[in-house]
Every structure is written in structure tokens, then in C-alpha cells.
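Spelled out from the first residue to the last, the chains are:
There are 2 protein chains.
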Amino acid sequence: MISSAAIAFECLSPCVNDGAFPVKRELGDPVEVEADIFHHGHGILAAALLHRPAATRRWREVPMRELGNDRWAAEFPLESLGLHEFALAAWVDAFASWRRAAERKQAAGQDLSSDLLEGAALAAAIAARASGDDAALLRAAARSADAAALLAAETAAAAARWPDPKARQRSERNWTVRCERPRARFGSWYEMFPRSQGTVPGRSATFAECEARLPEIAALGFDVVYLPPIHPIGRTKRKGRNNSLVAAPGDPGSPYAIGSEQGGHDAVEPGLGTLADFDRFVAACHALQMEVALDFAINCSPDHPWVREHPEWFFHRPDGTIKYAENPPKRYEDIYPLDLEAPASESLWRELLRVLVFWAQHGVRIFRVDNPHTKPFPLWSWLLDQVWALYPDVIFLSEAFTRPKPMKRLAKLGFSQSYTYFTWRNSKQELADYLAELALGPSRQYFRPNFFVNTPDILPEGLQRGGRPAFLSRMVLAATLSPSWGMYNGFELCENRSLPSSEEYADSEKYEFKVWDWNRPGNIKDAIARVNQIRRQHPALQRIEGLRFLRADNPQMLLYARFSRDLADVLVVGVNLDPFAVQHGPIEIPGPDLGLGDSFTVEDLLGAPRGLWRGQHHYLRLDPADSPAVIFHLRPA
Amino acid sequence: MISSAAIAFECLSPCVNDGAFPVKRELGDPVEVEADIFHHGHGILAAALLHRPAATRRWREVPMRELGNDRWAAEFPLESLGLHEFALAAWVDAFASWRRAAERKQAAGQDLSSDLLEGAALAAAIAARASGDDAALLRAAARSADAAALLAAETAAAAARWPDPKARQRSERNWTVRCERPRARFGSWYEMFPRSQGTVPGRSATFAECEARLPEIAALGFDVVYLPPIHPIGRTKRKGRNNSLVAAPGDPGSPYAIGSEQGGHDAVEPGLGTLADFDRFVAACHALQMEVALDFAINCSPDHPWVREHPEWFFHRPDGTIKYAENPPKRYEDIYPLDLEAPASESLWRELLRVLVFWAQHGVRIFRVDNPHTKPFPLWSWLLDQVWALYPDVIFLSEAFTRPKPMKRLAKLGFSQSYTYFTWRNSKQELADYLAELALGPSRQYFRPNFFVNTPDILPEGLQRGGRPAFLSRMVLAATLSPSWGMYNGFELCENRSLPSSEEYADSEKYEFKVWDWNRPGNIKDAIARVNQIRRQHPALQRIEGLRFLRADNPQMLLYARFSRDLADVLVVGVNLDPFAVQHGPIEIPGPDLGLGDSFTVEDLLGAPRGLWRGQHHYLRLDPADSPAVIFHLRPA
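If you read the sequences in order, they're chains A and B.
With this note's numbering applied, the first sequence covers 10 to 646.
With this note's numbering applied, the second sequence covers 10 to 646.
Keep in mind that the hints are not guaranteed to be accurate.
Repeated chains share a single entry, so a pair holds when one copy, or any two copies, can fit it.
Under the rule of at most 27 Å between Cα atoms (straight-line distance), these lysine-lysine pairs were calculated in the DSS-like manner [what the hints assert, rightly or not]:
no.: 1; residue 1: K339; residue 2: K534
no.: 2; residue 1: K534; residue 2: K332
no.: 3; residue 1: K332; residue 2: K523
no.: 4; residue 1: K114; residue 2: K339
no.: 5; residue 1: K246; residue 2: K114
no.: 6; residue 1: K175; residue 2: K332
no.: 7; residue 1: K414; residue 2: K175
no.: 8; residue 1: K414; residue 2: K246
no.: 9; residue 1: K437; residue 2: K332
no.: 10; residue 1: K332; residue 2: K114
no.: 11; residue 1: K437; residue 2: K414
no.: 12; residue 1: K332; residue 2: K246
no.: 13; residue 1: K437; residue 2: K114
no.: 14; residue 1: K339; residue 2: K246
no.: 15; residue 1: K175; residue 2: K246
no.: 16; residue 1: K414; residue 2: K339
no.: 17; residue 1: K339; residue 2: K437
no.: 18; residue 1: K534; residue 2: K523
no.: 19; residue 1: K437; residue 2: K175
no.: 20; residue 1: K114; residue 2: K534
no.: 21; residue 1: K246; residue 2: K437
Since the hints were derived computationally from the structure, they do not count as laboratory data.
When you get a sec, could you build the whole thing from the sequences and use the hints?
Set out below in C-alpha cells:
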């Protein structure tokens, strides 16, 4: 059990749970690997980083460099999507070790005659496995047995190119990295409730009406248009307005009660149109450089075709009837959960795979997965791998509003992105602590956050009370703290009417048809468009790393720097967390730490240039009535 | 590769390199295990910790308790020396999960009739695998199908005792802990140079003369008497006084140049006596409750029997002669290193094992291993395991004065204790940083420090310059910061004469016979005896954990609390790091944090009672001429 390796490989980074799960990177990123590599004694080590796409056989190899204190480093590029493997190898370079000792003796004026015979023997042995010029050079040096030839730098370089394969030791194991496309990390999401995108009250909007809104959404700078379930909705126990137990005639019901006589997870709700209409909608998104994300919710209405065709996939009562969803004392009688651990579930798992592949065939490459934490972990390992085998560019967003450890486990198992606790992190300390965890903690290797400012289920209390300034500041926070952020439609209108003592929207379109005035007064569309534009222009905002909270004395003012790895792009964001009052106070901007020197020009990307600032100490005033936030672009003077 | 387990086991502690190496504990210690254990969904989990001595087949099992946030904990006792294994198991408790949901529905006044049928079926299934009273109780509850019977606490308790073996999931792997005797952690070491323990100048002292000194050493409170090599010393290229290249007639040579015509690693230097004399010395130590530690140095003089009998074990020059040790430009012509990686080394490894077993047969249970970092790592994994298979109570101290990572690797591979960088950590910040690493860092799980204040090779500069106050303060630091500490004879006499610009002793007994006056004026034997007595009386000083540095404004004053885990024993140690001047200043003692409340009595165990102290803020004055250190024993008022 205890490694008996003569060369130690320890503390490799990056890795997740000591390599039990892959780390995540995006196409084009280098994977920067470090490890402790050492050996007993005084011999000179050489080391290499091995890597390959997991599906291939041939390892590629890059030399590692020693950083000091037995730490070694190298990088390899990711040139294809999917899983890649990497490993380590090291060996004692006998010729280099001999050379160092001989040089020291030479410098001390000691007799080298025996050492030169040793060096010549080593050079001859290397020459025997070398070829070309190296072999000739080494053979000549060996024949000469001469200090000048044997100790020459070229001789050492030639020898290093032909290491002794018998001396080579490989790490006992491989590590893995999953490469996804950059959208897995960086993107702005717009959640569109399709039924409410039209202008005619009392009926569902159609995909064609949804399509009509796309230019506006593209102009707001969004990358992803995410649709809640678009499938036929059950009639049995359908919910009425404001989640009431009895639906009135004409009430459309919750789109999460999936399935009716008109079809299930691979069908389209007739009120929205046909599958062909959906295909046109997808094409229209693509034409505007946007992608469609579909909801993947593993539950059924009592009218879903699966209930009839596969009753064995559901939970049953002792009397043989199918159980509806319950979280006592709550009941969800319009929804039948599926028994994903039942003996019969293998065919269900395959059916779920078929559904995902069906939509992938219709151009969908992003799935937002509903409540994955209530489904077995092994389902996700299997399902994601199966989809990726066919469509390696698919992105999965986990809607796991659950405890921290299951939330993170889903990310480890493969989910590309995850919803977060952002909507419940409001105070300065809460935000700083949470971002420190996400941006600096070990989870940054595998957990990609997507900061939604609201969802159809979550109208945070701060937005309910704070109004427009709160919408602005939460939007700036989400869009500048997390490389992926999202909003659910209505946010841009500062919609903040809730049910009493609840995070639920009043008169939610989850249960009724609505018509919105997408340009109603008080909207913050200009600000959203501007912030999304800034996000696209500034690499500093496209990674979770490169974050440092800065000193702002006022406890209602949050100040942070966002910077690219090379410090070529540096922003400082200041947000007034109090939507009700002007806040102001001294702030500190450590120019030298940010690669800016002591003087730098400041431009508020949400406002006006501020001119040349000198030194670290400044003063900031943020008026929620005007703009509760600044995004300073800092450049060396 | 990705775990497809339905129940996640993550972040187990304690572990070393994610379980690649055993953690270390001592006999009688509980092993306190924690892990993240969780599952999708809402089912109630139960978990167990499995454990067994590694050599046995049957696992024992203790239930784990949930600490919150998906963290679980349990302990198991260590009742035998050697390697123990542990693992985790967990399962969804279907009956408990059913019961919680039914109770919630009952509390909400909902209809339970279907639920009770379900519960009855579950109870009946459990009854079928149960026996005795539990089976009867469960059967009765199932037959009744009655809410009162099925929801009763006794029914739940009975059900929990018979978990479904099919629902049980075990961790895929085991973890390990190596159990050693408490001396591996806690002990005071006296390094005795045997040749210098007598009273007759110009010849070696004998084991009998060494024996005569033992009552004095026992009275000083030492637990271990450690002897540098006691074997015959080579004559070829023997070193003279002060490490000179040519020995004068009668010079004894370095005891590390092991082996002569009188024998090798299993023989005794005739000047010291016979093997029988050594056996008597060992017995005399045991009679005084002390143990003997022997040096294990894998090198030979040119006169060692192995050179003749096994030339293949050595390094050879191209001309066939054996190479002496070199670290260019230095040469050690009196020593031949052994080639432990040579094809012929298997028989050498076995011979080394024979040597260790030989001395174990003569009552030695502690080996101090010379320079283990210059020998192959796999040798140590093998050798220690082989010795422990025969003598599980053997303790190995690693003399690895090398870079941090190889030093720690040797501890991971099995060395019970290790020499440290303590002698080179002198300033307040250096000591605080180093102790934070040892006492609080991950290495505390496997790296047991032994703080030597000096060695035959290391007379630290601070002792050379600082004189008696420096000897006192370094002794108090070593003995109160590390549960194991040691000194090399002469320290108690404040011997501080060095070779010029060197950490080497002047006129070192490594190369000559000496006669010491063990009671010479200025000695610090009383203080050593007192500190070793305090160490035995205070559990707070017997573990590396339980350390907190306290505020002392004066940069030359180091102040720290040492406390037992239950806070029943609390000490505060203050040390003046400046041997030349009185230092004084405000100090802070956070009584409430140390379980003492706001008032506590203070007794200086090196001086006098100080009375009742109130509050956190006090003032301390330390006069090196008097005592440069205080050891306060704090008790609640």
C-alpha cells in the first residue's frame, strides 16, 4: 500500500479530491501542472509531464522545469473537447550528476583522472542509444576521455536528450482534466418564459413571437436564451394562478408538469407551436450569435405518456396507484416523480438519454437540469458521459439549490456550471466570504458558478424592497463577480411584486399567460446592455480568478478589483449595497499591486472618465438614485 | 474512474496524502475519524466506521454520528501496535425515512392510511431479517398496521438495529493508521558519547563507566539514553583531532567510520567493552526506567568486514577500487558508502535487517538513523516494515537534515520521529512560523518532531554567543514546544567552544578521548531536571497539539500557551530570546479562551507562585541573569 517508489511524486496540482474527479478547463487554456518531485541523495533529476486526450493511445511529453524547493512545473495545451489524461515521469540524469561533481572537483583543483574515465563510460553508454549528431558528439567525447570534451555544455545537452529508459520512473497513476468550450465558463444568460413573450392577452405566445424578441435580447448583450420546459403540460390536478390547487378554465398550468396526451419530453406544447417552429427559433438564435438552453426536468404530469407506457418507472402505493410528489406536509399532485433507483430504471435511464440526444439533434447544446440533487449521483455520471460521447460540446447547468456538499459533488461528477447561493448573499461580508470561496478556494478547479439574479422561483427580498437601485446593483455584482450570470425576464423591468412573505412572484407566469411591456418606464435595459458589452470587452470579467476585495471604509460599499492573469486588463468595481441612501467614504486602490504603478488613469465605464489618480487613497460617492455602481477601467498613466 | 457511488464519501480526516500513507497515533489514543457522507434526495442516512488491525480479518464497526453539514464522525480505539485499517459504510434507513415523512403528514392532519400500509410492509421486511425481541416487536407493529405502533420510538430503534444489507454501501477503499507506543511521541533524550563518560584521560571510557553515570541522567529526568555508534572503528585514513586528515597515535577516530578487523555493525568497539558489557548497560538503563537508543549509520570504514566479504555492495571506480565518500570538493576517505541501489543490493538490504534485529535481540528498541535521506526511499519502507513485523515496539528517529519534502517523506514512509530545523529557528517569527507548521499544519498527522538543542555536529551560533542564558532558554523552548526533545552531553555544562566560523565543537570527542567534569560550575542541571519533571507532570507538554502563541509586545519575548485537549492542564511559557539583556513588556493571557475564566491563579513552575491574576492584560519581565524563562501553571480561581 505504501508507495515504494524511489522517486516521489506528491502534491500534484491542479486536482480535485486527489484526482478522483477531473479538473475543468476550457478549450485553448493551458493546463498548468505542478508537483513535488524528488529523490534521495544528490543526483540531478529531470522530469516530464505526459498528456493525451483520454480516448487516444499515444502520450505526448513536455519537459518540466524545477521551481525550487523540489517543486516542478510544466504546461500542456488542450486542443480538443472532452477528457484528457496527464501523468508524470522523472529520472536521475546520471551524466549531469557526474558532470556537476566533476566540475566541483575540477574547480577545487583535484585529480580528475578516474572521474573522466567514468564520464567517458557514461557518454559511451548514452551514445549507444542515441542517434545522429548527438551520438557522434557523445562517441567522440567518450573516445577523447578529455575534460574539455566531456564537461562541455553541448555534451551535457546531447546526453540530456537521450535519457536512460531504465532509470525512468512514472507516476503510478494518471490525473484527468475535462475540457469544455469557453461558453461553459463565460456567458450572459436570459431566461425567457416563452408563453409570455407575445402581445395578445389570454393565450400562449408562440415560438414565432419569441423569435420576434430575439434581436432585442441580442442587443442587450446576452449569449444564451434559456427556456423553461417547452413540452405539453398535463391537465390532471393542473395548478391555477398563483399556484392555487384548482385551475380555472384556460389556465395553462406549470410547464414543469410535463406531458399530456399531446406528448412528453420529446414533444412541444401546442400553444407554443410545432417542433419545426422550435427549430426555426433555434436557428434565429444562432443567427444572432446566441444559443438556446433547454430545461431538463425529470418529472411527469399524471398525463405523461410514460405513465401509461411505463408505470414501472414510477413510485407506487401499496394499493398499486402511482404516488405524486410530496415533501410533507406539501403535496404536488400535478407531478409524478420517477423512481430512478428502481430495478426497472435501466430502461428509464436510456430513455432520458434518448430525450437529451433528441434535443441535441435539434441544435440544443445547453441543458439546464432541474433539481439534479434529488436524483441519484450515478445517473449523472452515466448520463453526462453518454451525451458527451456523442456531443462533446454540450454544457450542463446544475440547478442544485441544496446543501454545499451535494451541490459541489454534482460539479465534480461533471456538471459544467451550477446555480449558486448568490441571491442569498447580500451584505458586504457575505459577498466577500462567498466569492473568496468560489474564486480562491479549491472548488475553483471544478465548480463554475452562474450567478442568476432572479429565477421564476426566486424574487429575492432585497429586490422586492430595494427597487430599481437594488436591481442595478445586483446586476452589476452578478455580471462582474461571476463570469457566467443570468436573469429571468422581468428583471430588466424591475418587476418586484411578490406573494406575501415569500420569494415567489405575484401573478407568476409559471401559472398564467402574461403580456409584458418590455419597454415599460423604469427599466434598466440600457445598463444591462452596457454591462454585457463591458463583459465582452474585458477579459478580467471572463474568469472567476483575478479577484481582490479592496478597502472601502463604508460598510455599505463593496469595492473589488478584477484583473486578467497578465494584469493587462484591470477593472475596479464599486457597488453601493444600500438602495435607499447615498453612501460615500475613503477607498484604497493599490495601484502597484495591480501592475499600474503609483499613478493611473481612471474611466468609469458606466459613466465618465475620472482622469488621472495618484496614490492609493481616494474617496468614492455612490448615489443609488443616479447609479449605485461604478466600473472603473484602470490604465497605467 | 469517476466514482459512480450513490452515497458519497469525501474529505476523510485524518489522512496523509489522501490516504497514500498511514496517519500516526499512539497506543491508547482514540482515532477520531470524520468524513463527508451524503446522498441525493431526502432519505435518512446511517453510517458506520469499520476498523481492524491490518493483520486480522474481522472488521469491527462503530456507528457514526452526524455533526451537521453532511459531516459525520466516530472514534475507534487502538489496542495493539502496528498498522490498523479503517473504512466507511453508509446506507439509507428506509424505515426512518418513511417514519419522518409519516410524522410530518400526521402533524399536518393528512390521511395516513396508505402510508401505514407502506410502513407495515417495511416493518415486516425488517422483522424477517431480525431476531429476538426486535423481530417480535417489528412483527407486531407490522401486523397492527397502526400509527401508534409503527411510529413508536422503540419500533424505529428496533428497525435501525437491522439495516438492509443490500442498501449498504462501503467506501471503495481503506485508510490506515500506524499505532506506536507513547514513547514515539513523548520523551526526553540524552545523547551520551560513551568514550567520554569516564575519569581517566587518554583512553576510552567503558560501558561500565557509562553505567556509573546513569543514575545522574535518570535524576535529570531523561527517558532515552542515545549512543552514537558503538562499533569497532576503522584505522585506514582514520581522522585525527578536530577532524584533521592524519590521526596521531592513540587517536580513536570517528565512530561513524564503522568497522575494523574487530568486526562491523554487529560488534562492539573493544575500548568500550564487550557485548556482555553492553547488555549490562542496557539492563541498567531499564532498571532506571530509561531506554537505550542506538545509532544506525549505513557506512563503513575501509577496514569493515563487508569490504572484504562483499565488495559488490560498494561503489567502484573504473580501475576497480572502491570509492570513498565525497561531496566535492570535500572527501571522506575514512568512509566507504554502500551502493543500496546496485543489482547486488538485495543481500545488503537483508544484512542491514539482520543488524537491526541483532540489536533488537540485545534489548534495543530505539534506533536513531543516520542520514536516511541519502538512502533510497524504498529501502526504508521495506526495512521498517520488516523490523516491525518482528518487533512492533521499535521506534525509528530519522536524522534527515535535508530539504523539507524529503524530510517529511521519510516520516510518511514510517520513521516514528524526526530531527527538525529547530536549532536554526531562533527569532520570534521563525519559531512561531515553524511551530505553526508542526503543531497545526497537515504534517502533524505523521511528522513527530524531536527538538534537539545540540548534536555532536551542531553547536548553534546562538549558544556559542549567548552562553548560559541561551542554553537555558533554548532548553525551555525545546522541552515545552516539542513533546520529544533531546540534548547531547555537554549541553548541561553550557559547553560552547566551537571551531572558528563553524557549528562544529572545538576539540570534539568525535575525534578524541575526553574527560568531563559533569558538575562543573555554571551547569544547568537543576533547571533541566526541573523542566523534565514538569514535562512528566503536565499532559499539556506531551503532545505537539495544544499550542497557541500569545501576544507579547516585546519582539524579544516569546509567549505561548500549552494546553491539554480538555483544557484541564494549561501552561503559559514565556521566554526571553535575548541572552544579553532584561526584556519586559505587556502580555496578553486570554483566560476565557483557555477555559480559565477571567481570573486565574498563576504559579511559575520555575520560580514562585505569582498569585491571582485578573483579566487579559499583564506585564512580564524576564532577566537572563536570573531566569530567561517562566513556565506558568494556570488554574481557574
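Against the structure, the hints come out as follows:
no.	hint	verdict
1	K339 x K534	neither (38 Å within a copy, 76 Å between copies)
2	K534 x K332	neither (45 Å within a copy, 81 Å between copies)
3	K332 x K523	neither (32 Å within a copy, 92 Å between copies)
4	K114 x K339	between (84 Å within a copy, 9 Å between copies)
5	K246 x K114	between (91 Å within a copy, 20 Å between copies)
6	K175 x K332	between (64 Å within a copy, 24 Å between copies)
7	K414 x K175	between (44 Å within a copy, 25 Å between copies)
8	K414 x K246	neither (35 Å within a copy, 66 Å between copies)
9	K437 x K332	neither (45 Å within a copy, 68 Å between copies)
10	K332 x K114	between (85 Å within a copy, 15 Å between copies)
11	K437 x K414	within (24 Å within a copy, 40 Å between copies)
12	K332 x K246	within (13 Å within a copy, 91 Å between copies)
13	K437 x K114	neither (63 Å within a copy, 40 Å between copies)
14	K339 x K246	within (14 Å within a copy, 90 Å between copies)
15	K175 x K246	neither (72 Å within a copy, 37 Å between copies)
16	K414 x K339	within (25 Å within a copy, 57 Å between copies)
17	K339 x K437	neither (35 Å within a copy, 61 Å between copies)
18	K534 x K523	within (20 Å within a copy, 91 Å between copies)
19	K437 x K175	neither (58 Å within a copy, 48 Å between copies)
20	K114 x K534	neither (75 Å within a copy, 46 Å between copies)
21	K246 x K437	neither (44 Å within a copy, 73 Å between copies)
Hints 1, 2, 3, 8, 9, 13, 15, 17, 19, 20 and 21, counting from the list given before, are not met by this structure.
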